[in-house]
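2 protein chains.
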Amino acid sequence: MPLSVMGHIDSCLTIDLGAIIANWRYIDSLSSATTTTAAMVKANGYGLGAKNVAEALANAGCTEFFVANLGEAITLRQHLDERGHKQLRIMTLHGCQRDGLDDHVAFRITPVLNDLEQLSRWHMCSQQRSESLPALLHIDTGMTRLGFDADQIDWLIENKSALDGLDCRYLMSHLVSAEVADDPTNALQLATFNEWRRWFPGMPASLANSAGSMLSPDYHFQMTRPGIALYGADPADQATDKLMRVVTWQARIIQLRQAKAGDHVGYGGTHLLDRPSRIATIGVGYADGYNRKLGGKASVLIGPQTAPVIGRVSMDSVTVDVTDIDPAHLQHGFVELLHDDYNLSRMAGDAETIAYEILTRLGTRPSRHYQNS
Amino acid sequence: MPLSVMGHIDSCLTIDLGAIIANWRYIDSLSSATTTTAAMVKANGYGLGAKNVAEALANAGCTEFFVANLGEAITLRQHLDERGHKQLRIMTLHGCQRDGLDDHVAFRITPVLNDLEQLSRWHMCSQQRSESLPALLHIDTGMTRLGFDADQIDWLIENKSALDGLDCRYLMSHLVSAEVADDPTNALQLATFNEWRRWFPGMPASLANSAGSMLSPDYHFQMTRPGIALYGADPADQATDKLMRVVTWQARIIQLRQAKAGDHVGYGGTHLLDRPSRIATIGVGYADGYNRKLGGKASVLIGPQTAPVIGRVSMDSVTVDVTDIDPAHLQHGFVELLHDDYNLSRMAGDAETIAYEILTRLGTRPSRHYQNS
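Chains as they are written, first to last, in my numbering: chain A, 18 to 390; chain B, 18 to 390.
Check before you lean on any hint, since a few could be wrong.
Copies of the same chain are indistinguishable here, so a pair counts whether it falls within one copy or spans any two.
With a straight-line Cα cutoff of 25 Å, these simulated SDA-like cross-link-like pairs (lysine to any residue) come out [what the hints assert, rightly or not]:
#1 Lys314 <-> Thr257
#2 Lys277 <-> Ser137
#3 Lys277 <-> Ala208
#4 Lys103 <-> Gly24
#5 Lys277 <-> Ser294
#6 Lys314 <-> Gly366
#7 Lys310 <-> Ala253
Because the hints were derived from the structure by calculation, they are not lab data.
Please model the complete structure; the sequences and the hints are all you need to start from.
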């Protein structure tokens with residue numbers, strides 16, 4: 018009964034850690050036994066709670082975790098240490114910034130080295146400590162965002178001693194369009210990656226994000242790095258039946274009201290009622306992450322029936338036309354914002370964005386509950 | 018020097034509490050001395066930190082604070098009590114839900130009563146305690162979202178004893194289109210409100226949000242309830258020069274790279290470089306609240322120069338074309354995401370939304386710093 022777990026909050030997210038584990042195992046099953054399957058838990062575990070997600074995946078056997086920056090890494094390290102998971106690898110995709118060297122070492126964080134500046138910093142750090150510090154080497158194959166550019170890779174190939182004394186665990190790159198299986202960019206990036214790889218014999222490699230993991234075994238190498246698929250969203254709409262739904266989002270009915278034909282609903286009066294109507298005001302708004310573009314497009318589930326979101330989404334509430342809803346279902350006092358007829362993918366479409374943005378921009382106001390299915 | 022305050026985080030928000038106070042005083046100055054100016058601090062103070070904002074405004078003389086639900090109210094009450102501000106009023110716009118009566122009383126929270134059900138609950142609660150509990154009475158004048166509907170108001174007028182024993186502090190309603198000064202809905206709602214008001218003689222009244230406060234003194238009554246204007250955004254684009262900017266948002270340059278003419282930038286390779294370019298990758302992405310629609314539209318400030326955001330916004334980073342930027346400015350290592358040429362209003366426009374959504378959906382990852390100008 019969600020109203021009781023909501024407490025004094027008007028909406029709550031239930032995150033199925035068992036489903037996240039199942040999704041991780043599914044991605045893991047796509048590659049051979051010699052390929053490690055890491056987990057992306059950056060952006061607070063795609064908005065769902067990096068600590069809980071990483072701990073659940075660690076219990077399921079995942080040993081490699083990626084975050085964006087050192088702040089995220091330290092928070093996660095401290096939590097995992099407390100929970101007895103001391104041997105896990107945590108990698109910072111943004112690498113070691115000027116002021117982050119000591120704490121990378123102190124918190125046993127592995128930086129992804131994205132350019133010569135980061136490499137030389139980490140190399141110097143390693144020498145000062147007479148320690149072979151771990152690192153990943155990120156070479157750019159077409160994203161033009163992070164990673165060594167072509168000139169820097171050329172330099173590196175000619176100056177391999179720059180890597181001496183470092184424990185380069187993986188050579189990695191990142192796919193631009195993996196979610197479009199037939200985009201020729203994929204094969205181009207793969208070819209470029211393989212070409213560079215020849216210059217780093219014996220170094221394990223990693224290229225695939227979630228969508229890349231689904232492309233073909235050619236993209237798997239020694240480590241895949243799924244993110245969005247773990248959280249139940251299918252980047253390429255190809256494995257929807259294989260991925261388990263992770264997020265349930267429920268919100269309280271804070272008021273039920275009668276309205277007349279001719280009444281307007283919400284800010285700007287954009288929705289005109291063409292019949293006597295019953296309106297439910299729901300305690301979720303754009304401040305909770307319910308995108309403002311969903312007004313007039315989304316539907317919610319009330320018992321077994323769906324009802325349309327009408328008028329503009331407010332900061333703290335939305336209005337739903339429940340005229341056709343059996344009053345018995347309204348008695349339960351809450352609605353489901355994500356449901357079979359209106360899943361994450363459809364919500365993202367109506368919000369004119371991608372599921373990644375829906376998840377990572379869920380607000381802090383909804384309470385979060387974790388279950389293990 | 019922001020890089021030092023950022024610590025291991027890649028972007029930081031600086032919130033000018035002095036500017037919030039100045040904006041509150043400006044709205045307060047629009048109405049007569051007998052009109053109280055409350056403050057909307059719901060949705061965690063429009064994303065900027067309800068505790069800090071409310072405390073600053075309390076120090077400046079504000080005594081009435083609105084939040085959405087009881088969860089927000091309790092968090093704020095506990096903070097303000099700790100800081101010695103025990104006499105302030107905190108009101109829940111969503112009113113007293115079924116399970117929230119005892120805690121409304123325990124934490125001295127005043128509910129806004131939105132319908133007969135909430136009224137009868139609070140009335141019963143009041144009787145059980147033989148105490149005249151405070152409340153606001155919200156009547157709907159056209160929003161069809163929260164507040165007594167027409168039938169319920171009629172009933173109430175005929176059954177005034179339903180209010181006996183309650184301390185009804187204000188009769189309130191909410192404007193639908195106050196940000197459009199010449200929208201006839203404003204005058205209609207004002208007339209309806211005044212008509213109902215006659216039936217509650219002696220009860221103070223409140224109608225105006227930020228934009229309503231700027232319409233005319235007719236809308237002020239005994240209390241105005243500004244929100245967005247406090248945070249530096251002008252709902253009606255009429256007082257832009259009167260409102261002080263509240264939010265500074267800076268982000269770290271995490272990598273500088275060279276790219277060739279013909280290279281594509283970012284996911285989907287949507288941005289094609291037509292000349293040899295220098296690209297800065299900035300540590301802010303949509304997970305931080307930097308809307309995904311800003312890719313290819315926004316600009317950032319680097320020293321005294323602006324540079325365009327190119328390609329798609331990623332979860333944790335954006336790419337900026339800094340080819341024309343003086344390298345000396347890049348040395349500082351950070352950029353401004355909001356600046357004179359690209360303020361909150363322009364960012365909201367490019368994101369196809371309103372400043373309210375930009376602010377309330379700022380992520381938790383950027384660090385927050387408070388200053389008092």
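Against the structure, the hints:
Proximity of Lys314 to Thr257 under the C-alpha cut-off of 25 Å is restricted to the intra-copy arrangement: shortest distance 22 Å within a copy versus 33 Å between copies. For the identical chains of this complex, Lys277 and Ser137 are inter-copy neighbours only, at 24 Å across copies versus 71 Å inside a copy, given an alpha-carbon limit of 25 Å. In the homo-oligomer, the alpha carbons of Lys277 and Ala208 lie at most 25 Å apart only across protomers (19 Å), although the nearest pairing inside one protomer, at 64 Å, exceeds that limit. Taking the shortest alpha-carbon separations for Lys103 and Gly24, only the inter-copy value of 24 Å comes in at or below 25 Å, while the best intra-copy value is 35 Å.
In the homo-oligomer, the alpha carbons of Lys277 and Ser294 lie at most 25 Å apart inside one protomer (6 Å), although the nearest pairing across protomers, at 60 Å, exceeds that limit. Proximity of Lys314 and Gly366 under a CA criterion of 25 Å is satisfied in both settings, with 10 Å inside one chain copy and 21 Å between copies. For a Cα distance limit of 25 Å, the shortest separation of Lys310 from Ala253 qualifies both inside one copy, at 23 Å, and across copies, at 21 Å.
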